[in-house]
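Engineer: Listed below, chain by chain, are the residues.
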Amino acid sequence: MKSYIERFGKVLSYFIHDMGEMVFLTLRINQQMFVKPFDGKLILQQMVRIGVESIPVAITTALFTGMVLALQAGYTLETKIKGVSQFIGSVVSISMVRELGPVLTAMVIAGRNGSAVAAEIGTMQVTEQIDALFTLAANPIKYLAVPRFLAFTLMLPLLTIFADIIGWFGGLLVSSMKFTSSSVYIDSTRNSLETGDIMGGIIKGMFFGAIMAIVACRQGFATTNGAEGVGKATTNAVVFSFMLILISDYFLNAVLIAMHF
Amino acid sequence: MGQIVKIIQLKGVSKSFGDRRVLDSLDLDVYSGETLVIIGRSGVGKSTILKHIAGLLPADQGEIWVEGLEVGRLKEREMNELRKKMGVVFQYAALFDSLTVFENVAFRLLRDFKMVEDKARAWVKEKLELVGLRGDLLDLKPAQLSGGMRKRVGLARAIAVDPEIILYDEPTSGLDPVSSEAINDLIVDMQKKLRVTSVVVTHDMHSAYKVANRIAMIYDGKIIGIGTPDEIKNSQDPYIRQFVTGSVEGPMPVR
Ligand SMILES: Nc1ncnc2c1ncn2[C@@H]1O[C@H](COP(=O)(O)OP(=O)(O)O)[C@@H](O)[C@H]1O
Ligand SMILES: [Mg+2]
Numbered sequence: 102m103k104s105y106i107e108r109f110g111k112v113l114s115y116f117i118h119d120m121g122e123m124v125f126l127t128l129r130i131n132q133q134m135f136v137k138p139f140d141g142k143l144i145l146q147q148m149v150r151i152g153v154e155s156i157p158v159a160i161t162t163a164l165f166t167g168m169v170l171a172l173q174a175g176y177t178l179e180t181k182i183k184g185v186s187q188f189i190g191s192v193v194s195i196s197m198v199r200e201l202g203p204v205l206t207a208m209v210i211a212g213r214n215g216s217a218v219a220a221e222i223g224t225m226q227v228t229e230q231i232d233a234l235f236t237l238a239a240n241p242i243k244y245l246a247v248p249r250f251l252a253f254t255l256m257l258p259l260l261t262i263f264a265d266i267i268g269w270f271g272g273l274l275v276s277s278m279k280f281t282s283s284s285v286y287i288d289s290t291r292n293s294l295e296t297g298d299i300m301g302g303i304i305k306g307m308f309f310g311a312i313m314a315i316v317a318c319r320q321g322f323a324t325t326n327g328a329e330g331v332g333k334a335t336t337n338a339v340v341f342s343f344m345l346i347l348i349s350d351y352f353l354n355a356v357l358i359a360m361h362f
Numbered sequence: 073m074g075q076i077v078k079i080i081q082l083k084g085v086s087k088s089f090g091d092r093r094v095l096d097s098l099d100l101d102v103y104s105g106e107t108l109v110i111i112g113r114s115g116v117g118k119s120t121i122l123k124h125i126a127g128l129l130p131a132d133q134g135e136i137w138v139e140g141l142e143v144g145r146l147k148e149r150e151m152n153e154l155r156k157k158m159g160v161v162f163q164y165a166a167l168f169d170s171l172t173v174f175e176n177v178a179f180r181l182l183r184d185f186k187m188v189e190d191k192a193r194a195w196v197k198e199k200l201e202l203v204g205l206r207g208d209l210l211d212l213k214p215a216q217l218s219g220g221m222r223k224r225v226g227l228a229r230a231i232a233v234d235p236e237i238i239l240y241d242e243p244t245s246g247l248d249p250v251s252s253e254a255i256n257d258l259i260v261d262m263q264k265k266l267r268v269t270s271v272v273v274t275h276d277m278h279s280a281y282k283v284a285n286r287i288a289m290i291y292d293g294k295i296i297g298i299g300t301p302d303e304i305k306n307s308q309d310p311y312i313r314q315f316v317t318g319s320v321e322g323p324m325p326v327r
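If you read the sequences in order, they're chains D and F. Taken in order, the first sequence gives residues 102 to 362; the numbers are from this note's numbering. Taken in order, the second sequence gives residues 73 to 327; the numbers are from this note's numbering.
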């Protein structure tokens, strides 16, 4: 029993330490962001990697999520409540825009790009490339973390909007094939979806982007122990990102709802 | 050499990693224009010394002075100024994988000094020739180079901004004898041609004798002996004798 408590205490203290480090990293990134030179090319490169190259996965995820939503909603509304399938459009669009668009997109990008960032920076750390950056007068926070932070925070909202549209369209496909006409689906969406729903989702996407950037950079910079350490950093980046995205999602929702989004 | 100037000074520098005390109130002076070789077994803290001089690690105690400035007290901008005068050659070259040879060597020229590309390319070619590489490597990625070539590119990057000090971390380790010899010649060349001060960390005694003006041996966190190659070769100190003769017998335990 004691050992369990001890172990829990240890995990908790690591967690608090990690959170502290991440807050510190966030502050340093924000401070370095305004130091010259401005690495426009690096930012663009990261935006392409995160935004453009992720589009196929983002499309697949969003399309099938929207389709599944329509299928589930249609089935539930038809069999359980009878004859209210004209609401499918609103169920799909609101769930997609408020919740599944931002969260699932964030998960996919954390898995795909967050891990890559942790592995890249981690490898640079264990091969002394980070030290080399310092000796060449390039602050690694500025040179590596700032472009990634900006790219994640800017691209996640865009990918979220993209996912919202594709997901809604997936819902339209399934709904018009199996349940109602497309005009009913579109009307249902129009009657219930508000700008605030969409904005709320986009804001969440931005936060999730910032979170995964910080987590991935922090794991990368803290890498020790060679190749094994890089593997660990990569795994940790994904696991911590997932957890923090889901936890912060709850609180972001609470705040957004309180602000009438 | 005329008047002796201490260009690098470590004064009572201590450093621990966790419980392990790697540097224990270590003192060391490096004179302007000389090549000082630091020898010692793996894991004694040779790289740690270089990282302190390069301002990559803070000392727990003590002071590090480079060119009359105390490294630990410099602001980032001041440190970056000082780093113009100091090139570091890393053990495994530490080239940036994602950049080409040209972008690696020209890193500071392009990013910091805003040199235009054409001029930078000519400049980099010149540096590559200085380290014995052909200019047609410019657009290759580090992964396409051999170990010896990577080390040379690392050296070219270190001398790209014409430093006054070059720090070498195990420049010959992991190289075949011919490449090692070529690197030794380069280190001697750099001293002659560019009049740089060099600090070379190695456990390769052949290389040490070849390039050094003075050799310092580190053991148990301290410099236990320092002198000319001949003095070190003929030292009666049992630790130094054991190391330079590469003997299993002696006061140092074989781990
Ligand atoms: N960043 C670090 N964190 C923890 N331990 C370190 C770190 N750097 C070096 N060490 C430890 O300090 C000792 C000296 O390392 P180093 O200076 O690299 O030795 P050398 O270059 O002489 O082989 C080693 O035991 C090494 O494990
Ligand atoms: Mg070393």
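It should be emphasised that the hints constitute simulated quantities derived from the structure, not laboratory data. The reader is advised that the hints may include incorrect statements.
Distance condition first, Cα-Cα at most 20 Å in a straight line; then the derived EDC-like pairs of lysine to aspartate or glutamate [as the list claims (entries may be wrong)]: (1) D/K142 <-> F/D190; (2) F/K294 <-> F/D261; (3) F/K186 <-> D/E107; (4) D/K142 <-> F/E106; (5) D/K142 <-> F/D169; (6) D/K142 <-> F/D101; (7) D/K137 <-> F/D184; (8) F/K264 <-> F/E135.
Engineer: All hints, please: hold or fail.
Structural biologist: Hints, one by one, checked against the model:
Taking the CA atoms of D/K142 and F/D190, the gap is about 19 Å. The hint holds against a cut of 20 Å. Only pairs whose Cα atoms come within 20 Å are accepted, and F/K294 paired with F/D261 is rejected, the gap being roughly 30 Å. Simply put, F/K186 and D/E107 have alpha-carbon atoms about 55 Å apart, too far for the 20 Å limit, and the pair is violated. Taking the CA atoms of D/K142 and F/E106, the gap is about 41 Å. The hint is violated against a cut of 20 Å.
Of the supplied pair hints, the one linking D/K142 and F/D169 holds, its CA atoms being roughly 17 Å apart against a limit of 20 Å. A distance of roughly 43 Å separates the Cα atoms of D/K142 and F/D101; the hinted pair therefore is violated under the 20 Å criterion. Among the hinted pairs, D/K137 with F/D184 is consistent with the structure: their alpha-carbon atoms are about 9 Å apart, no more than 20 Å. At most 20 Å may separate the alpha-carbon atoms for a hinted pair to count; F/K264 and F/E135 exceed this at roughly 30 Å.
Going down the numbered hints, you'll see the structure goes against 2, 3, 4, 6, 8, while the others check out.
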